[in-house]
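J.: Starting from the given sequences, assemble the full structure and let the hints guide the process.
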Amino acid sequence: MSTNNERYGLLIDYDFCTGCHTCETACKVEHKLTHGQWGIKLSQDGPRKLENGRYEFTYVPIPTSLCDLCEDLVKAGKFPTCVAHCQADVMSYGLVKDLAKKMAAKPKMVLFAPK
Amino acid sequence: MAYEISEYYQKHKGESQWQDGEYTCTRTTMWTGPGCHNGCGVVYYTKNGKVEKVEGDPYNPFNLGKLCMRCLNYVEAASSPERLKWPLKRVGERGENKWERISWDEAYDLIVKEVRRIQSKYGPESIVAMEGTGRNVIWQVPYLCYAGFGSPNFTLGFLSGESCSMPRLVTEAVIQGDFSFGDYSAHFPDRYDNPTWKVPGVILIWGQNAIISNPDSSLGHWIVECMKRGSKLIVVDPMLTWLAAKADYWLQVRPGTDAALAMAMNDVIIKEDLYDHDFVEKWTVGFDEFAERVATMPAERAAEITWVPKDIIEGAARLFAKADGAATTWGVSVDMAVAGVSAAHAITGLWSITGNLDKPGGQSIIQYAYDLGMAYDYGLEILSEEVKAKRIGNELPLKQTGYGATAHSDTLLKQIENGGNPYPIKMFWFQSTNPIANMGAEAPRIYKAIKSTEFNVVVDLFMTPTAVACADLVLPCAMSSERWSNRNWWMPLAGIRKVAEYEEAKSDEQLILELGKRLNPEMFPWKDDKEWNDWIIKEQGSKAGITYDQLNDMIYSYDHFEYYRYEKGLLRRDGLPGFNTLSGKVELKIGLFESWGLDPLPWYQEPPESPYSTPELFKKYPLILTTGHRSWEFFHSEHRQLKLNREFHPDPLIKINPETAAKYGIKEGDWVWVENYRGRFKQKVKFEELHPLVVNAEHGWWFPEMEGAEPTLFGVFDSNSNNLTTMCQNGPTGYGAPYKNQLCKIYKVTEENSKILPSEQVTKLGGFNYVYK
Ligand code: SF4
Ligand code: SF4
Ligand code: SF4
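Same order as they appear, the protein sequences are chains A and B. Quick note, the first sequence lines up with residues 1 to 115 if you use the numbering used here. Quick note, the second sequence lines up with residues 116 to 888 if you use the numbering used here.
Hints listed in this document are in silico derivations from the structure and should not be mistaken for laboratory results. Source: prediction; values computed, not measured. Treat the hints with care, as some may be off.
As the list claims (entries may be wrong) - Short derived list, chain B residues pointing at chain A, Cβ under 7 Å: (1) G171; (2) K181; (3) I651; (4) L713.
As the list claims (entries may be wrong) - Output of the computed footprint for chain B on chain A, the stretches with three or more beta carbons under 8 Å from beta carbons of chain B: (5) 28-35; (6) 80-89.
Note that the Cβ used here is the ideal one computed from N, Cα and C, for glycine as well.
T.: Written as structure tokens, this is what we have:
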């Protein structure tokens, strides 16, 4: 088991995730996942009207147990493909401890350390 | 989060091609098909002449390393076993879907024989060439039409009122002399870091779910980048999109009433003295008349017409006018109404009177890089005046004066239906267009028209419903990675490099060139597609001072761009300050319209069918049907055969407010029939936050997995929203059509009411039993 200091993860700024399905597709294509299988899966909350008249409409993609943090790509010096292609540029890859620092700086962030 | 570049790509910076193990990696541009209007930068990984993987090019400033779902799944598309592989000649009857393989030479011989016969018997104008939405066939097909067939009748796949972009573009052309786009820094290679660029204070998104749709000039997610940097949003949309949910103002407009809304917003800005006096005085003409006209549409009145509450209209107008830079992004919804041109006029007014034109973070005047913008008029000058005058719809003033090269689809349809007066239509050339699946309003009527000719050719990637229904010859087209081409729309100028081959498929350039050489060799002097591209880059784009090979090595090239060019005399040919219009100013009152006897000021007209214009009909059909909104997975009728895209989106969806559904006893996931007096179609219900009286159906649906032969015809009419839309109801300019504002009713699909499906109804039983006017 690796220690927290060397674990890697995905930081997602769900303030701006548009639900474009790009991360899901990129992952499926890269890992040749079959119909019905996902390395990352989008979930949706809303749209729902709030008391202040604005709306809650939020997407969060959740890495599944099939996510290997794109081991092969990372070894080759690339970013995980979901991170590289995220249309809204809301995904980051890195050491959990570094991502946690970024997370502290802005609300509506979620940090996943799938393995 | 900045746009980071991985170690791997840093290592390959500046390289346009390199070897990675057994793969050859190539940086170039993708520009359909399949895909969309945009030209994202890609890296192809090829092995043995096949693309095995595609990544976004992190060094391309356009997409900054990102690809969306459609290009990420390019490999499935390019290697799909269903792709057309070689020329096919019809052996059975039209509609039987029976073909035999022939060689390209045989195909060319057949075409030349038929073209010669039709030219001499009926005149070249009896041949109509069309393409679908203008992408990487934008200049090739018009050139074939004019230079190869000698016909002035190049048109856009039966698009009624040319209501995709054309109304907006011609309106901008007559008002401000150039096109303009919301300024998301598109024209700078250093993008958001460019020091002269400013984040728009407000972004007005009008009739477009920008993050899903794919206009020529921008990627929707650039708006998200601006949101992160502080831009506020105003969204005009009948449906609560993700963007609308994040907006400061969401204007839930009644479909087809955009002109009234835009007039009222202008009125609020003028009445509350929020307009830019300095800009208006120095750089516009007709302001007083414009102000007087928009005053006929005060916010109270617009609220009644548009169903947007008065305080929201006013609030949005104020926010727009007071913003430090207001950028506008608009979609086909603006065009798709009889009053489309007028809506475009009034929206152009908004950015003009607030001084947002040609200013950082406002509305950028983006010209084509190095003036190289090949379009629908490529080759038109070859035709004699006499032939040009025969163009269908030539009597429309905007056409006559050169604002729009295309023949008018609605007039074309009428000409076919009236028995060929003033001359018969005998041949269709369809290149990358599938008009009975989408684009043509009133699909069943289009179906009859395309079957009426003597000879039809379809060039496409897959066998389509249009091809089965009417083609005598089907030719396989190359995909983006299989062609030498270039993208010259807006910025940057980019090379498209051939890295793969597929069976006998040929690029649009290649097949048009080979055919052109047989039809009219003088006009097709280039040796091959590469030489044609080279000629274009060197001649038409001479300002760039590069060859085609150099462009491919550079991948893309940005022309110089600066703001406030109207002040510096950089927009007009005569070098004087001002805009590229007759008066040199922004014409809030359009001089050209006035001289043609058209209303020079914005006006509002109810959609031809609506709760107010046809109250009796509304009793029978109590819902407003809007169609044509985009989805992540598909581009118009493309991508339906791709398993991955279909996994995300297996069925055609109609979006309905849950309250409305409950009223009709409908649950989410139910299939419903959507019907009006023109016909019906079925789609699956999805709940959305829509106005309770509005339903929103998808377009472009056909089912490649279904039987291709008639009567099924890939089920093309079963879920086709264009069974309910209408041709030939255009605005006074000939532009604009009510695609997005029809009336309908809905009811649940049952076994009982589904014994005869629309495809059978149309192909076998003579169509729905209504008679069009
Ligand atoms: S990191 Fe790789 S494996 Fe994990 S979700 Fe993203 S694309 Fe899939
Ligand atoms: S790619 Fe990015 S924006 Fe799109 S759904 Fe995934 S996380 Fe959200
Ligand atoms: S389909 Fe997506 S990735 Fe491909 S060109 Fe269009 S926007 Fe870019």
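J.: Honestly, which of those hints from before does the structure not fit?
T.: 3 and 4
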